[in-house]
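J.: Each protein sequence line maps, in turn, to chains A, B and C. Counting with the UniProt record's numbering, you get residues 1 to 298 for the letters of the first sequence. Counting with the UniProt record's numbering, you get residues 1 to 298 for the letters of the second sequence. Counting with the UniProt record's numbering, you get residues 1 to 298 for the letters of the third sequence.
It should be emphasised that the hints constitute simulated quantities derived from the structure, not laboratory data. What you are looking at is a predicted structure, and each value in this text was computed from that prediction instead of being measured. Backbone N, C-alpha and C fix where the C-beta goes; we use that ideal spot for every residue, glycine too. Worth double-checking, as some hints may not be accurate.
[Stated by the list, open to error] Lysine to aspartate or glutamate pairs mimicking EDC-like chemistry, simulated, CA-CA at most 20 angstroms apart:
#1 K105/C with E139/C
#2 K98/B with E282/A
#3 K200/B with E139/C
#4 K7/C with E139/A
#5 K200/A with E5/B
#6 K105/B with E282/A
#7 K104/B with E282/A
#8 K200/A with E65/B
[What the hints assert, rightly or not] Derived CB-CB ranges, DEER-like:
#9 Q213/C with F173/A: 34 to 40 angstroms
#10 E237/B with Q213/C: 22 to 28 angstroms
#11 E5/A with R119/B: 42 to 48 angstroms
#12 E296/B with F173/A: 43 to 49 angstroms
#13 E146/A with E139/C: 45 to 51 angstroms
#14 S220/A with L229/C: 39 to 45 angstroms
#15 E296/B with R233/C: 23 to 29 angstroms
#16 S220/B with F217/A: 45 to 51 angstroms
#17 F217/A with E296/B: 48 to 54 angstroms
#18 V225/A with L229/B: 46 to 52 angstroms
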Amino acid sequence: MTHTELKPGKLKLSTIVAGAWRMADWNWNPQDRLHWIEQCIERGVTSFDHADIYGNYSVEGLFGEALALNPELRNQMQLVSKCGIKLISDRRPEHRIKSYDHSKKHIIWSVENSLRELRTDRLDLLLLHRPSPLMQADEVAEAFSELQQQGKVLAFGVSNFTPHQFDLLNSRFELVTNQIELSPLHLDPLHDGTLDQLQKERVAPMVWSPLAQGRIFTDSGERSVRVRLTLERLANEHGVSVATLVYAWILKHPSRPLPITGSQRMQVINEAVQALNVQLSEQDWFEVWQASQGHEVP
Amino acid sequence: MTHTELKPGKLKLSTIVAGAWRMADWNWNPQDRLHWIEQCIERGVTSFDHADIYGNYSVEGLFGEALALNPELRNQMQLVSKCGIKLISDRRPEHRIKSYDHSKKHIIWSVENSLRELRTDRLDLLLLHRPSPLMQADEVAEAFSELQQQGKVLAFGVSNFTPHQFDLLNSRFELVTNQIELSPLHLDPLHDGTLDQLQKERVAPMVWSPLAQGRIFTDSGERSVRVRLTLERLANEHGVSVATLVYAWILKHPSRPLPITGSQRMQVINEAVQALNVQLSEQDWFEVWQASQGHEVP
Amino acid sequence: MTHTELKPGKLKLSTIVAGAWRMADWNWNPQDRLHWIEQCIERGVTSFDHADIYGNYSVEGLFGEALALNPELRNQMQLVSKCGIKLISDRRPEHRIKSYDHSKKHIIWSVENSLRELRTDRLDLLLLHRPSPLMQADEVAEAFSELQQQGKVLAFGVSNFTPHQFDLLNSRFELVTNQIELSPLHLDPLHDGTLDQLQKERVAPMVWSPLAQGRIFTDSGERSVRVRLTLERLANEHGVSVATLVYAWILKHPSRPLPITGSQRMQVINEAVQALNVQLSEQDWFEVWQASQGHEVP
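Using the sequences and the hints, build the whole thing.
T.: Spelled out as structure tokens, the structure:
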């Protein structure tokens with residue numbers, strides 16, 4: 001399958017990334033989880049997206065437990081995790097409010113914890129999960145440098161950062177991605193400068209919720225219905241599923257996005273992979289844009 | 001008449017630009033059109049603003065037909081055109097939706113078509129008509145480079161781009177203008193960073209709809225009436241027409257704007273040219289701003 | 001007391017700055033004013049914030065009159081003033097509308113007037129009071145250079161500038177601060193790029209209205225009450241006053257803000273100074289943010 005360099009000469013991930021976000025909800029045993037990982041890799045989906053907080057701080061551990069059943073898989077995959085959000089949780093009793101912590105101390109502590117949970121010696125990529133108004137860019141850069149020198153993390157990025165926030169941290173430490181929300185029901189990054197900036201910097205975005213958490217298929221609002229009808233028509237024309245059409249729509253953006261698919265069902269992951277072989281025309285792409293906006297381009 | 005360098009050392013246009021936007025609506029014969037062109041040039045309005053799509057893809061041809069009656073005029077004028085919008089049109093039956101196309105193939109095809117229609121061997125300036133979320137900046141730069149090396153287009157710019165979009169393309173190819181809407185009824189570029197960025201880059205904006213498509217004179221909304229009364233009072237004080245006052249108001253901006261006047265009547269073009277000799281004070285300028293905003297400056 | 005370098009290697013001000021904004025309202029005699037100045041300096045609050053227009057163009061003169069009673073104090077203080085706003089005022093009969101003037105002529109005239117009024121030979125820092133859509137950045141830079149070469153002003157900044165406006169002027173002349181509004185009731189600069197940009201440029205903001213013009217204590221709106229209850233709880237936990245807590249909240253921002261306190265009462269200035277010894281946790285800081293926003297962080 002296709003891989004994408006996040007930035008020229010830097011880390012490559014599989015263009016379709018498997019999201020482990022909901023793994024705790026699947027209620028699987030370690031062997032089931034291993035099987036899911038292996039099936040992803042067989043399809044070329046070799047990059048796995050995590051965060052310390054997924055599944056109330058449990059998903060990294062569930063994944064690591066499975067990986068321990070076949071540790072050789074580690075060299076066939078890329079592991080992405082995130083840090084910086086502190087959830088109120090029975091597993092973190094010292095948190096009395098949901099907050100952010102981008103201190104060097106917390107970043108390093110969180111990475112070391114992720115490595116233990118994932119049962120690995122390195123992350124391929126670490127992201128700051130959310131922009132914090134309290135971010136000390138120099139201190140973050142110091143934490144990133146130390147983790148990189150120790151070989152604990154190979155590359156660094158951010159998630160949900162505005163252009164100004166990306167500029168700030170990128171001025172202190174080279175970022176290789178910004179993981180953002182983008183879908184036919186969430187067009188903001190097309191227009192608010194986020195994707196313009198990333199293309200300028202030749203940084204590929206990772207994309208979360210490309211199917212808008214399933215609202216693409218289920219939402220009954222006027223806009224969603226309009227988008228769904230357009231997607232169904234185009235999918236039919238291209239002889240693919242609606243999900244495949246949506247992934248192809250995202251992949252057409254010139255910033256070279258890497259969509260994340262978070263499903264337990266291999267069928268959904270297949271549909272994402274199939275999008276790599278779909279060629280949408282400009283007019284196809286703008287039909288979806290127009291259906292979402294409710295008006296033609298100016 | 002005054003000319004303005006779009007960027008230091010780059011293309012000069014006449015500070016007042018003649019817009020051919022509505023030429024198809026004038027229902028003139030070729031000799032009438034030639035006469036209009038000659039009269040503009042006599043007044044020092046030597047730059048003509050076009051787009052492939054004006055008049056349902058017909059205006060460039062109408063202008064070219066007139067120019068063919070006196071081909072020597074070509075060397076006394078500067079020709080600006082635009083590309084990148086695809087209209088639904090009987091003349092473009094392959095378009096099933098209004099969309100943008102900034103592919104290299106379309107840009108080159110569109111320029112070659114503009115040259116044929118305008119009956120010339122070169123454009124002085126080509127603009128991308130609208131920002132496209134699908135713009136591949138590297139591919140656009142490749143198209144621009146090729147057209148420039150072949151002598152088909154001398155300089156390049158954009159239209160209606162936000163600062164982020166301008167930054168992106170300008171990082172790949174030197175842009176010499178951003179053609180934007182600005183008028184006493186449309187102040188956005190004064191406050192949203194557009195004109196700040198252009199001044200920073202020493203790039204002069206071209207300005208479309210300086211008279212707000214005539215709403216300056218005709219609109220009966222509260223804001224428009226307030227603006228009109230202020231303009232009338234100031235015009236009276238300066239002994240000029242309201243239109244001249246509006247052009248002078250635009251010309252006072254430090255970004256060195258080039259307003260476009262799109263009228264078939266030479267009287268209106270004269271009124272624009274006369275603005276070059278009007279000196280508004282800072283207080284005059286802010287009176288119009290205050291009338292438009294409905295409150296004094298903070 | 002702590003001092004803060006506005007930019008590495010550049011002008012230092014006291015981290016807590018005394019604002020003379022309302023001095024005319026205090027109805028003090030020169031000896032009272034001198035006493036206030038001396039008490040500030042004794043507390044380490046050695047920097048004084050002025051503007052030409054404060055007190056209807058009178059405050060600089062009132063301060064200068066007091067300073068003349070003990071001219072040696074000048075070398076123990078830093079004087080900040082501003083220019084660029086033209087108020088309608090009986091002291092400026094030629095102003096017929098509130099407007100901005102950033103011309104070289106007005107900037108130099110205004111500084112020379114400020115020096116006369118303050119009875120000093122130099123300003124430590126001059127700020128453009130508001131961004132003007134008519135700002136000629138090159139002309140402002142010329143004015144600043146001339147004033148700097150003549151020793152009349154040591155360093156330059158702006159106030160209330162957006163990132164685009166700051167970028168523009170900073171590209172022509174090195175700015176050392178942007179004086180902005182920030183308080184638990186005014187969070188915009190945390191999220192609109194203003195503080196991201198300043199941190200990136202290593203430029204420290206000065207902060208006006210840290211107590212939201214007293215609304216922190218008095219406003220009965222739902223949001224204000226929610227913020228006040230949170231501040232009171234945290235103030236109690238830290239054993240300080242609410243005002244001290246607010247100053248500590250502002251000082252925790254990584255951009256290294258310098259809050260301005262504009263009170264005639266030494267007790268209030270003490271409360272600001274005490275904030276330099278308060279250490280808020282990240283969670284404390286986000287409790288105030290959450291109370292102000294009305295929801296937890298995303």
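J.: For a C-alpha distance cap of 20 angstroms, please report whether K7/C and E139/A respect it.
T.: holds (18 angstroms)
J.: If you check the beta carbons of S220/B and F217/A, does the distance land in 45 to 51 angstroms?
T.: holds (48 angstroms)
J.: Given the hint that K105/B pairs with E282/A, test it: the Cα-Cα distance must not exceed 20 angstroms.
T.: This hinted pair holds, its Cα atoms lying about 13 angstroms apart.
J.: Check the following: the C-beta atoms of F217/A and E296/B are separated by a distance inside 48 to 54 angstroms.
T.: holds (52 angstroms)
J.: Given the hinted pair K105/C and E139/C, is their alpha-carbon gap at most 20 angstroms?
T.: holds (9 angstroms)
J.: Evaluate the given range 45 to 51 angstroms for the C-beta pair formed by E146/A and E139/C.
T.: holds (47 angstroms)
J.: Between K98/B and E282/A, is the straight-line Cα distance small enough, at 20 angstroms or below?
T.: Judged against 20 angstroms, a Cα distance of about 10 angstroms means the pair holds.
J.: Are the Cα atoms of K200/B and E139/C separated by 20 angstroms or less?
T.: holds (13 angstroms)
J.: Under the criterion that the straight-line Cα-Cα distance not exceed 20 angstroms, is the pair K200/A, E65/B satisfied?
T.: violated (41 angstroms)
J.: Holds or violated: the 39 to 45 angstroms window for the beta-carbon distance between S220/A and L229/C?
T.: holds (40 angstroms)
J.: For the range 46 to 52 angstroms, tell me whether the beta carbons of V225/A and L229/B fit it or not.
T.: holds (47 angstroms)
J.: Okay, E237/B versus Q213/C on CB: inside 22 to 28 angstroms?
T.: violated (39 angstroms)
Hints 5, 8, 10 and 15 from the list above are not met by this structure, while the remaining hints are.
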